[in-house]
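Chain B: place on chain A using the hints.
Those protein sequence lines, which keep their order, are chains A and B.
If you're matching positions, the first sequence starts at 261 in our numbering and goes up one per residue.
If you're matching positions, the second sequence starts at 261 in our numbering and goes up one per residue.
These aren't lab readings, by the way, just hints derived from the structure by calculation.
Hints are not guaranteed to be accurate.
Any copy, or any two copies together, can satisfy a pair, since identical chains are not distinguished.
Unchecked claim - Once the Cα atoms are required to be at most 20 Å apart in a straight line, the calculated SDA-like pairs of lysine to any residue come out as:
#1 262 x 326
#2 363 x 305
#3 374 x 334
#4 328 x 381
There are 2 protein chains.
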Amino acid sequence: MKNQTFRMTMLFDFYGELLTERQKEFYQLYYDEDLSLSEIAENYGISRQGVRDVIVRAEAYMTEIEDKTGLVKRFMQFAPHVEAIESAVGEIVQMNHRLFEDKRLAELCDTIGKEAAALKE
Amino acid sequence: MKNQTFRMTMLFDFYGELLTERQKEFYQLYYDEDLSLSEIAENYGISRQGVRDVIVRAEAYMTEIEDKTGLVKRFMQFAPHVEAIESAVGEIVQMNHRLFEDKRLAELCDTIGKEAAALKE
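One chain only, chain A, in its complex shape (with noise of 0.2 Å):
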């Protein structure tokens, strides 16, 4: 299940808390610390099957909204615009600093890289 760690840990972001107690720890022990399925079967003294089944079930659900509503793929569908204005910013600030030295310039310019970086977080 690993190998989709990143598309899980944004699902998780987005829905993590549409889930039951138990499927979001089970998760966050799993993607986020890292432990395997057998120590967490181990702490919880449950069976790893019983773990596997509480996080597959805890991903079928979150796919499963994500496929309806897409909004996972509508917010990754902004950074390459975020970082086309952070590429464009960094662009006119070499620009003032080589033909402008505008200081009114530089100041915009530092307004929209940090409404841009806002945008990321």
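Chain B alone, transformed into the frame defined by chain A:
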């Protein structure tokens, strides 16, 4: 219910695909096509209260999901950042007209403007 139309439209935009076909249908007739509960009831041959129940249940379900995930809220927090970028780039465009008259700077501003616009789609 219609005093909450903006909020309901946002909820539907995000979570509408999680509703049943009937919920979706009534929701759209009521909020998007602005039919009254009685009009919908008449078209479907059911009681006004029956239509109301379907819509209220759909709203409650989507509100519950939003209360847990906060995704509409998260998306809506993007808007002021995008507006700040657009405002700053607008000022750079003006400065460029007035002071620098630089073709490459104009292109970069154009890029930033377009990428910011794409974030609002």
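Hint-by-hint comparison with the structure:
no.: 1; hint: 262 x 326; result: within (19 Å within a copy, 28 Å between copies)
no.: 2; hint: 363 x 305; result: neither (64 Å within a copy, 68 Å between copies)
no.: 3; hint: 374 x 334; result: between (22 Å within a copy, 18 Å between copies)
no.: 4; hint: 328 x 381; result: between (24 Å within a copy, 19 Å between copies)
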